[in-house]
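Just so it is clear: in the sequence shown, position 37 is 37 by my numbering, and no numbers are missing.
Since the hints were derived computationally from the structure, they do not count as laboratory data.
Treat the hints loosely; a few may be bogus.
Just the calculated beta-carbon pair ranges, DEER-fashion [to be verified]:
| # | residue 1 | residue 2 | range |
| --- | --- | --- | --- |
| 1 | 19 | 55 | 27 to 35 Å |
| 2 | 20 | 56 | 26 to 34 Å |
| 3 | 81 | 56 | 28 to 36 Å |
With a straight-line Cα cutoff of 27 Å, these simulated DSSO-like cross-link-like pairs (lysine-lysine) come out [what the hints assert, rightly or not]:
| # | residue 1 | residue 2 |
| --- | --- | --- |
| 4 | 44 | 73 |
| 5 | 44 | 3 |
| 6 | 8 | 73 |
| 7 | 3 | 73 |
| 8 | 8 | 44 |
Cβ coordinates follow ideal geometry from the N, Cα and C atoms, glycine included.
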Amino acid sequence: MNKTEFFKQNGHRLVSVHEDDKETGNFMLFCPEESHIAQQYLDKGYSIASVFELQDEEDNIELDNDAGYSPFKIGYLILNN
Numbered sequence: 001m002n003k004t005e006f007f008k009q010n011g012h013r014l015v016s017v018h019e020d021d022k023e024t025g026n027f028m029l030f031c032p033e034e035s036h037i038a039q040q041y042l043d044k045g046y047s048i049a050s051v052f053e054l055q056d057e058e059d060n061i062e063l064d065n066d067a068g069y070s071p072f073k074i075g076y077l078i079l080n081n
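All chains, please: the whole structure from these sequences, using the hints.
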């Protein structure tokens, strides 16, 4: 789903992973640079949504619990269950 839909449905579940980060806001971890942090949250029982960059469209977000790397994945969002 696109970012707008995702935040409408799941915005209340987002976990702050950074404090006042100008580049990603407080909620996104970079892929693959911060995949180990995403995995730590997954191991603690949180959910992970992957953020994918799309050409000429709004980014796509999938609630997939996947802390790994895949093409076009630019980040991870951490959510409370």
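Against the structure, the hints come out as follows:
The hinted window of 27 to 35 Å between residue 19 and residue 55 holds, with their beta carbons roughly 32 Å apart. For the hinted restraint 26 to 34 Å between residue 20 and residue 56, the CB-CB distance of approximately 30 Å keeps it satisfied. As the Cβ distance of residue 81 to residue 56 is approximately 34 Å, the hint placing it in 28 to 36 Å holds. Between residue 44 and residue 73, the direct Cα distance comes to roughly 22 Å. Compliance with the 27 Å bound is thereby established for this hinted pair.
Taking the CA atoms of residue 44 and residue 3, the gap is near 25 Å; set against the 27 Å cutoff, the hint holds. This hinted pair checks out: residue 8 and residue 73 have alpha carbons roughly 21 Å apart, not beyond 27 Å. For the suggested pair residue 3 and residue 73, the alpha carbons sit about 14 Å apart, so the restraint of at most 27 Å is met. For the hint pairing residue 8 with residue 44, the CA-to-CA distance comes to about 25 Å; that is within 27 Å, so the pair holds.
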